[in-house]
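> Now for the letters of each chain:
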Amino acid sequence: MSIKVLIPTPLRPYAGKQSVIEVNAQTVGEALSGLVTKHPDLRKHLFSEDGKLRSFVNVYLNDEDIRYLSKDATPVKETDTITIVPSVAGGR
Amino acid sequence: MALRIPVQLYEQLRKHGEATYPHECCGVLVGEFDESDGKLVRRVVPCGNTRTDSLANRYHISPSELVRIQREAMLAGRDIVGFYHSHPDHPARWSVTDLAEAHWTGCSYVITSVEKGRAVLTNSFLLLGQEEAKHFEDELLEVIEH
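Protein chains in written order, with this note's numbering: chain D, 142 to 233; chain Z, 2 to 147.
Source of the hints: derived by calculation from the structure; they are not laboratory data. Among the hints, a few may not be true.
[To be verified] Label-pair distances were calculated between CB atoms; the ranges are:
no.	chain 1	residue 1	chain 2	residue 2	range
1	D	Ser-211	Z	Leu-141	38 to 48 Å
2	Z	Asp-54	D	Gly-157	37 to 47 Å
3	D	Met-142	Z	Lys-117	49 to 59 Å
4	D	Gln-167	Z	Asp-35	38 to 48 Å
5	Z	Glu-138	D	Phe-188	20 to 30 Å
6	Z	Asp-139	D	Phe-197	20 to 30 Å
7	D	Lys-212	Z	Leu-76	37 to 47 Å
[Claimed, not checked] Under 8 Å between C-beta atoms, here's a sample of chain Z residues computed to sit facing chain D:
no.	residue
8	Tyr-22
9	Ser-37
10	Tyr-60
11	Leu-67
12	Gln-71
13	Met-75
14	Phe-84
15	His-88
16	His-91
17	His-104
18	Trp-105
Every residue, glycine too, gets a C-beta built ideally from N, C-alpha and C.
Build out the structure end to end from the sequences listed, making use of the hints.
Structural data, given as structure tokens:
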């Protein structure tokens, strides 16, 4: 099924400058895989060399962090939205 | 290239730092990117600081808040253009930790020094480069009427 993936500002240069990309997928993992297949330049910004999501990349299915769902195996529905948000932190 | 911010929003983010002193405040800047790579802030969104273990010198915005803010911004035809936080009794300049934990390239990171509870200086820094070679550049912060 076709679902939307929201792309944050820092990743748009590698996603054809788009803020929303539609992919066909049954799971979050398939959606992310479809995303980097469509836009290969995104791969190294989302995944480390071992194929895992980079530690500062948070992926949400609607309002839930996929780390607390079934991670890549989390199933998706037509009305779902995946949002990618890099972490925001720091301090003096 | 500049970060333009209406005076009432500029004062809002500075007052947030005063309100949370001696702890760091944090929040999101929502607005628009313009053709000349500048940014205009339309809304300042105060956030909770999840670093309750180290509030005086660390901040972290919950990703779930970021998701909500991003979604609301997009529905309003706007975007996340940057973030702000405060440095209690410390200069308004980015630290090694600020850079290490910054990942929104192309966005502004605004820092306010708050000394003895009063906001002093507010500076903006633009995050550039890919993760392995990222760096901050000083950015012109232009306070506008509205």
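> Tell me if His-88 (chain Z) is really an interface residue toward chain D, meaning its C-beta lies closer than 8 Å to one of theirs.
Given a least distance of 4 Å, the restraint on His-88 (chain Z) holds.
> Given Tyr-22 (chain Z) as an interface hint, is the shortest Cβ-Cβ distance to chain D below 8 Å?
With Cβ-Cβ at 13 Å, over 8 Å, it is violated.
> Within 20 to 30 Å: is that where the Cβ-Cβ distance between Asp-139 (chain Z) and Phe-197 (chain D) falls?
holds, 24 Å
> With chain D as the partner, please determine if Leu-67 (chain Z) meets the hint condition of a C-beta pair closer than 8 Å.
Leu-67 (chain Z) check passes; min Cβ-Cβ to chain D is 4 Å, inside 8 Å.
> When you take the CB atoms of Lys-212 (chain D) and Leu-76 (chain Z), is the distance between them in 37 to 47 Å?
violated, 28 Å
> The hint names His-91 (chain Z) as touching chain D; please verify it with the least Cβ-Cβ distance against 8 Å.
OK, holds: His-91 (chain Z) within 8 Å of chain D, min 4 Å.
> With 8 Å as the cut and Cβ atoms as the points, is Met-75 (chain Z) at the interface with chain D?
Interface hint status for Met-75 (chain Z): holds (7 Å vs cutoff 8 Å).
> Does the nearest C-beta of chain D fall within a distance shorter than 8 Å of the C-beta of Ser-37 (chain Z)?
Result: violated, 16 Å to nearest chain D Cβ.
> Does the Cβ distance between Met-142 (chain D) and Lys-117 (chain Z) fall inside 49 to 59 Å?
This hint holds: roughly 57 Å between Cβ atoms.
> Ser-211 (chain D) and Leu-141 (chain Z), beta-carbon distance inside 38 to 48 Å?
holds, 46 Å
> Can the hint on Gln-71 (chain Z) be confirmed by a CB-to-CB distance to chain D that is less than 8 Å?
holds, 6 Å
> Holds or violated: Phe-84 (chain Z) as interface residue toward chain D, Cβ cutoff 8 Å?
holds, 5 Å
Comparing the model with each numbered hint stated earlier shows that hints 7, 8 and 9 do not hold.
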